[in-house]
Amino acid sequence: MNQETDFTNLAKSSGEWLRGTGPESDIVISSRIRLARNLADFPFIRRCSDEDRDSIERTVRARMEAMEDWKDIRYIDIEELSEVDRQFLVERQLISREIADADGSRAVAVDPGEQYSVMINEEDHLRIQVMQSGLDLQAAWARIDALDDKLEGSILYAFHQKYGYLTACPTNVGTGLRVSVMLHLPALVITRQIEKVFRSMQRINVTVRGLYGEGSQYSGDFYQVSNQVTLGHSEKSLLALVGDEVVPQIIQYERKARAFLIEQNQQDLHDDVSRAMGILSTAKKISSEETMHYLSKVRMGVNLGLISDVEVATINKLFIHTQPAHLQKLHGRVLGSSDRNVQRATYLQRHLTGRQGKGELN
Amino acid sequence: MKCQYCEKPATFHITELTEPSGPKIMHLCEEHARGFLQKESDSPVASVTNALAKQLQLGQSKKELAELDQKECPVCGISFFEFRNTGRLGCPYDYSFFEADLVPLLRNIHDAVEHVGKRPRRLAASADSQAEMIQLRREMEEAVELEDYERASEIRDELKRMERELSIPASDDDDASSSEGENQS
Ligand SMILES: [Zn+2]
Ligand SMILES: [Zn+2]
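Protein chains in written order, with the UniProt record's numbering: chain Z, 1 to 362; chain W, 1 to 185.
In case anyone wonders, no lab produced these hints; they're calculated from the structure. Keep in mind that the hints are not guaranteed to be accurate.
[Unchecked claim] To give an idea of the interface, some chain Z residues facing chain W are shown, with a C-beta separation under 10 Å as derived from the structure:
no.	residue
1	D41
2	V173
3	S237
[Claimed, not checked] Calculated Cβ distances over 10 Å to all of chain Z for the following chain W residues:
no.	residue
4	E114
5	Y149
6	D157
Predicted model only: the values in this text are computed from it and were never measured. Where a beta carbon is used, it is the ideal one built from N, C-alpha and C, also for glycine.
Whenever a hint applies, use it, and build me the whole structure from the sequences.
See the structure below:
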């Protein structure tokens, strides 16, 4: 690797996708699209020799570097990173847990705004990913489609006339496309409607999963909706299924539940939200799990106008910045879990008590 | 509340929404939650192996299955048994070589067997030429290992010729890719 990866500076900022704007951003955190692609002249990762992996990494890197607009792209050699740095990239959703824990040559290319990343030698040779704040699958698709075209210009993809883009796992074959929308659904959880809503979704080719932070921390009230099938539907129709049918329906249910809570239960709700804010801004030590739980309530409170002096973008960032690797990067050294609990509390206090300018996190 | 697998307090309450029988709530301690979530990340394997199990129960006898398990891809060497156990294929040629057994699986998973949607703009390599390129690459690595650099560079030229035929635009990275063999030696 020929560049010093300065994750400490990176840690102070956050990806564009956390800026808390975009359509439906009170409920939709982010939209993500990924494409699985493989080179035609190599075995899939499972059957690659070490030389094959090196060669894939080098070839792809050389070809990406020859692409226009490469200048700003940061190419990170994952094999050379410390455990904390790998965890850091996982927390930022730039790489998967799987590639962080794997062996051998592997890398990720990331643009400065962290809107897209290309993992090399994950389960497939290439995993191209685009992230976008709010619900905007069309914009995300336009961007990933263009990047895929560019890569295809210099890399020969494994493709079959009948089965489409060939992938290591048959669950990804065809389009190789996975659309995932991350939703914040606290009101559906409080009203115990969430299971009913998802039961009704199960018939229509989408998967819904509760979302968990890395190190398995529970990350309060977040759910991810993704398409299940990749073969036999065009990219456009898969985007439409998730973005025009399923997600708007869930958004509508969540809005109804929020309106219901406000109407029936304003005082309890306000009390709940204020207590959450109180704990986050006064605690002297706090676990990651507790932080997630209360941040989720505060986020809802901000969106419902019950809390006025905090921005959604700030809350979004706090979800990421209070995770273990981020705290350690921001603090500049390795911290044990009880030290982290203290640092986390200090950090939350500093950013929630209004002494800092809006959305400023350094 | 206690963890449903041990005596420790349950700090994770996981709602599993992907079960066909409906949502299932798990109350787990940190350690068991970690194990559970780890397993979760392998779910594509589970869906492949489940679909395969279903399909094999319906269609094949034990003897037929044993025979199928022995079948090995001539390009990457993966056996159907290994695929069945890991849910991962070994190379692009597997889609042609195991086609008869994969098609029912694809139907099971996707409810479809034919790609609709984006295609590469340039001519895609045929299954056979993809297989040939993978095999050549393997031979090249073997030649390098045996320090037969002459043979290795012959193969590299052949690979380049094949790539060019598939109309890969010649680009500035030619130097980078031709240094591949040298780097390995
Ligand atoms: Zn337990
Ligand atoms: Zn094979």
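Hint check results:
{"no.": "1", "hint": "D41", "verdict": "holds (4 Å)"}
{"no.": "2", "hint": "V173", "verdict": "holds (7 Å)"}
{"no.": "3", "hint": "S237", "verdict": "holds (8 Å)"}
{"no.": "4", "hint": "E114", "verdict": "violated (6 Å)"}
{"no.": "5", "hint": "Y149", "verdict": "holds (15 Å)"}
{"no.": "6", "hint": "D157", "verdict": "holds (14 Å)"}
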